[in-house]
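Q: Sequence:
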Amino acid sequence: MQKILVYLILAQFFCSQLYAQVNSPRINIEQSRITVGELLEEISEQSGYEFSYNSRLIDTREPISFSAKNIPLTECLDRLSKKLNLRYRIFDQQIVLTSSRRNKGRHVILSGFLSDRTSGESLIGATVHALGTSFGTFTNEFGYYSLPLEPGDYTIAYSHVGYKKQEQAIALLASEQQNVSISPVSFDMPAIVIAPPWEDIMNKKQLDAMEMSPEVLNNMPEFAGESGLVKGLQSLPGLKADGDGSAYFYARGGERDQNLVIIDDAPIYNPSHLFGFYSMVIPDFTKSIQVYKGDMPASMGDRLSSIISIRTREGNLNKFHLSGAITPFVSRYSLETPIRKKKSSIFLTTRQSNFDWLYRRDNPELRVRFQDFHLKWNRRINDKDRLYFTTISSSDISQNFSNEIGSKIGVFRNNFAATFRWNHLYNDKLFSNAIINSGTYSNRLLLDPNTWKSELGMLGFKIDFIHYKRQNFTEKFGSELQGYFTNPGSLSLDSSLSIIPNLNPNYSRKNVLYYEGDWKVKKKWRIQAGVRLINFARGGPDVYYNFDQNYSVEDTVSHGRGVYNRYVNLDPRLSVRYQLDESSQLKLSFGNYHQYLQLISNSISPFTSLEIWAPAGPNIFPQSSQQWSLGYLKYFKEAKMEISAAAYHKQMGGQIDYEPHAAVYLNPLFEGELRFGDTRSYGIEFLLKKDFGRLNGWLSYTYSRSFRRTLGINNSQEYPAVQDRPHDFSVFINCQVSDRMITSAYWTTYSGATFSSPTGYLNFNNQPVPIFGERNNDRLPTYNRMDISFRFRLNKDLSRKYQHSLAVSIYNVLGHVNPFIVQFNKIPDGDLSHVVKTNVLSEVPVNPSQFSLGRFLPSVSYRFKL
Numbered sequence: 001m002q003k004i005l006v007y008l009i010l011a012q013f014f015c016s017q018l019y020a021q022v023n024s025p026r027i028n029i030e031q032s033r034i035t036v037g038e039l040l041e042e043i044s045e046q047s048g049y050e051f052s053y054n055s056r057l058i059d060t061r062e063p064i065s066f067s068a069k070n071i072p073l074t075e076c077l078d079r080l081s082k083k084l085n086l087r088y089r090i091f092d093q094q095i096v097l098t099s100s101r102r103n104k105g106r107h108v109i110l111s112g113f114l115s116d117r118t119s120g121e122s123l124i125g126a127t128v129h130a131l132g133t134s135f136g137t138f139t140n141e142f143g144y145y146s147l148p149l150e151p152g153d154y155t156i157a158y159s160h161v162g163y164k165k166q167e168q169a170i171a172l173l174a175s176e177q178q179n180v181s182i183s184p185v186s187f188d189m190p191a192i193v194i195a196p197p198w199e200d201i202m203n204k205k206q207l208d209a210m211e212m213s214p215e216v217l218n219n220m221p222e223f224a225g226e227s228g229l230v231k232g233l234q235s236l237p238g239l240k241a242d243g244d245g246s247a248y249f250y251a252r253g254g255e256r257d258q259n260l261v262i263i264d265d266a267p268i269y270n271p272s273h274l275f276g277f278y279s280m281v282i283p284d285f286t287k288s289i290q291v292y293k294g295d296m297p298a299s300m301g302d303r304l305s306s307i308i309s310i311r312t313r314e315g316n317l318n319k320f321h322l323s324g325a326i327t328p329f330v331s332r333y334s335l336e337t338p339i340r341k342k343k344s345s346i347f348l349t350t351r352q353s354n355f356d357w358l359y360r361r362d363n364p365e366l367r368v369r370f371q372d373f374h375l376k377w378n379r380r381i382n383d384k385d386r387l388y389f390t391t392i393s394s395s396d397i398s399q400n401f402s403n404e405i406g407s408k409i410g411v412f413r414n415n416f417a418a419t420f421r422w423n424h425l426y427n428d429k430l431f432s433n434a435i436i437n438s439g440t441y442s443n444r445l446l447l448d449p450n451t452w453k454s455e456l457g458m459l460g461f462k463i464d465f466i467h468y469k470r471q472n473f474t475e476k477f478g479s480e481l482q483g484y485f486t487n488p489g490s491l492s493l494d495s496s497l498s499i500i501p502n503l504n505p506n507y508s509r510k511n512v513l514y515y516e517g518d519w520k521v522k523k524k525w526r527i528q529a530g531v532r533l534i535n536f537a538r539g540g541p542d543v544y545y546n547f548d549q550n551y552s553v554e555d556t557v558s559h560g561r562g563v564y565n566r567y568v569n570l571d572p573r574l575s576v577r578y579q580l581d582e583s584s585q586l587k588l589s590f591g592n593y594h595q596y597l598q599l600i601s602n603s604i605s606p607f608t609s610l611e612i613w614a615p616a617g618p619n620i621f622p623q624s625s626q627q628w629s630l631g632y633l634k635y636f637k638e639a640k641m642e643i644s645a646a647a648y649h650k651q652m653g654g655q656i657d658y659e660p661h662a663a664v665y666l667n668p669l670f671e672g673e674l675r676f677g678d679t680r681s682y683g684i685e686f687l688l689k690k691d692f693g694r695l696n697g698w699l700s701y702t703y704s705r706s707f708r709r710t711l712g713i714n715n716s717q718e719y720p721a722v723q724d725r726p727h728d729f730s731v732f733i734n735c736q737v738s739d740r741m742i743t744s745a746y747w748t749t750y751s752g753a754t755f756s757s758p759t760g761y762l763n764f765n766n767q768p769v770p771i772f773g774e775r776n777n778d779r780l781p782t783y784n785r786m787d788i789s790f791r792f793r794l795n796k797d798l799s800r801k802y803q804h805s806l807a808v809s810i811y812n813v814l815g816h817v818n819p820f821i822v823q824f825n826k827i828p829d830g831d832l833s834h835v836v837k838t839n840v841l842s843e844v845p846v847n848p849s850q851f852s853l854g855r856f857l858p859s860v861s862y863r864f865k866l
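Position 375, counted from 1, in the sequence shown is what this note's numbering calls 375; the numbers after and before it change by one each time, with no gaps.
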């Protein structure tokens, strides 16, 4: 297999070289006296390539003699450059001429901020390239770039997806700051984007990481009037859905709590509404979404499987804008306006659900609703300092009045996150980002007058430094301090239930130091290495229990204020990328990771409200993971299409499982119900993607396995994990049918989740009792769903200030039944739903019952912008 791979790579290399030689244009010019300008025009006409150069570099009126008798273009350019004492490089159908007089060994810095000319919004991941050289860079997440170059004359190209490429001639004799604005391309419909130069695409591609734009999310078929972050992520290879009605997902065989969602560096612990059908992340508020499922940066953590980093929009610095969407289920409105033109702006968006009309007649006491409030403020103090403030708040209410018990019952969830950020530019090489951030999540279950409440809160400080040290080397380093408050489940009770014990809240903190470097070695090699040092400490006052080998309490330990438990870990990361040729690359990466917060839940239902977060401590060890991955990427320039493949292997330790019939809620001894083991997962992912043009989208397939081994569970033998779903296939297609209409379709199918089913029955007192054998010995039916949508632009004139459109979507258009849970119960009741009644004297056998959600749901939404 290895030999075959080597042969294929060599064959590809030689074929590409042969192709270049055979298809190179040939030039035939014989002139004893011709001006330089006329000569360049003649070469352009015969070759089809345009020249790009600084007008101060060449005197086009100078007469010269030149001879090229039917020779290849490259040989002709060699003669020309020697005659004019210039350098040349062929770049994206252009011949770039630059000065050959460079000050070797000395470098100056071209730096600045890149922004949208219309709105003033900073551009993330835009390309800044010195044409005719191999030197280029990308703007960071705040739009800043730093490009070391030798002194000389250059043509600098600024480009970004969806923007007009801008070229600027510059005589760079000393370090200089250039703040540049580029213009967006006007599209008839937002799904159609124009590709940047393909070399920029290749340099920006990151194997093990993917970028999903808000425009893509907005164009995906909607569920009940809204597109969602989590459902968009689930369409990518390596990310598997937990199922309908769940906001959780699995990344490369990891558990559902091993994924971290951060918005402007603030953590979101439950990014969903309505038990997962809606996402709390509003696409209109986001600017970029970066997905890391391997080779995670040392500056981010700490999760084992994936990090979803979301950057939000800053707000228009030049004009007032109002936009929104109205549907029968949800309404949202966004406002952006300058506070001080070109200096400060604010972006505000709010969303409110409206489900009352669905149930008001049948159940007037029911209340089901959610709401969101997002705000972003930014202030440009000067060319070196900028301030940002982001806050996100969301809430869910599901409440009813129960006539059976005569009291109110309900579930209440709240999310809050905030970030205050200061960007400072020390000099053209050193950029810093200081952050104060907070994230909280609370979950409350009401059975009036009793209340159960679980909480997780975090307050942190972080400072990043980015040092653009040399042309081929950039380093990032910094530190982070976070403090956590965890309430594992407290009760407010009336006197009749005062016997139920309370669980003590706990406190912990995390100190982090990190460093990562990015080396570009020659033209083909790129090495990224980093290390993350974590010191996680559990503090008092607290009470915990020591358990013996049979998980019985043998001692109670009380601690006062101060640290009583500590874990220190060093996590290295390394990746090596090799450029096979100008359109393909290989990447090998390794990462070591630790996780210090665990989600405790032994329910597989997405509707449970009793999940709690628990920090590492004396009885709960940090989870660990080592991941290897090997990736390949090939980009097809003419088709503007890419194909990629990645293979990975993960070994995870400290994985939590549960004793059969474990009681983890309202139980101060819940840590004795936990069992710890190992998980191994491996797989291979394929992606065929076309980002640009009237027809775009992607096709992905993942084959993966995930197996667990836990002492005392399943006779200590290996068994498939819940997230073990071998096959996962999805297709997303965007098509611009006409200037005013876009249609989209999304289809996914994947192996069903594992579960434990009875292997037989025992007759006890003339009643069949199910007997369970191996854990997760069965599998749900294959999941299958197709969604479609149609979007119509209602106004014909694009120059009008008021723009509006209508979107029609159908979720699960084929009406496929996708069960998310199977139960084995005794008898059916009058509504044909199954009820467990263990003492019913009946010969009715135990019956399996399955539950499914989301069958065939149409929706319509009206969007506007002015």
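If you are wondering where the hints come from, they were derived from the structure by calculation, not from laboratory data. Accuracy of the hints is not assured; some may be wrong.
Here are the computed distance ranges between Cβ atoms for each label pair [as the list claims (entries may be wrong)]:
hint, residue 1, residue 2, range
1, Lys-865, Ile-409, 37 to 43 Å
2, Arg-117, Trp-357, 52 to 58 Å
3, Tyr-802, Ile-527, 48 to 54 Å
4, Ile-71, Asp-383, 47 to 53 Å
5, Asp-797, Trp-357, 47 to 53 Å
6, Ile-71, Val-808, 42 to 48 Å
7, Ala-169, Lys-69, 32 to 38 Å
8, Asp-78, Thr-35, 18 to 24 Å
A virtual CB, placed ideally from N, CA and C, is assigned to each residue, including glycine.
Q: Confirm or reject each hint.
A: Here is how each hint holds up against the structure:
1. Lys-865 with Ile-409: 37 to 43 Å: holds, 41 Å
2. Arg-117 with Trp-357: 52 to 58 Å: violated, 44 Å
3. Tyr-802 with Ile-527: 48 to 54 Å: holds, 52 Å
4. Ile-71 with Asp-383: 47 to 53 Å: Since the Cβ atoms of Ile-71 and Asp-383 sit about 50 Å apart, the hinted range of 47 to 53 Å holds.
5. Asp-797 with Trp-357: 47 to 53 Å: violated, 35 Å
6. Ile-71 with Val-808: 42 to 48 Å: violated, 60 Å
7. Ala-169 with Lys-69: 32 to 38 Å: At 33 Å between Cβs, range holds.
8. Asp-78 with Thr-35: 18 to 24 Å: holds, 21 Å
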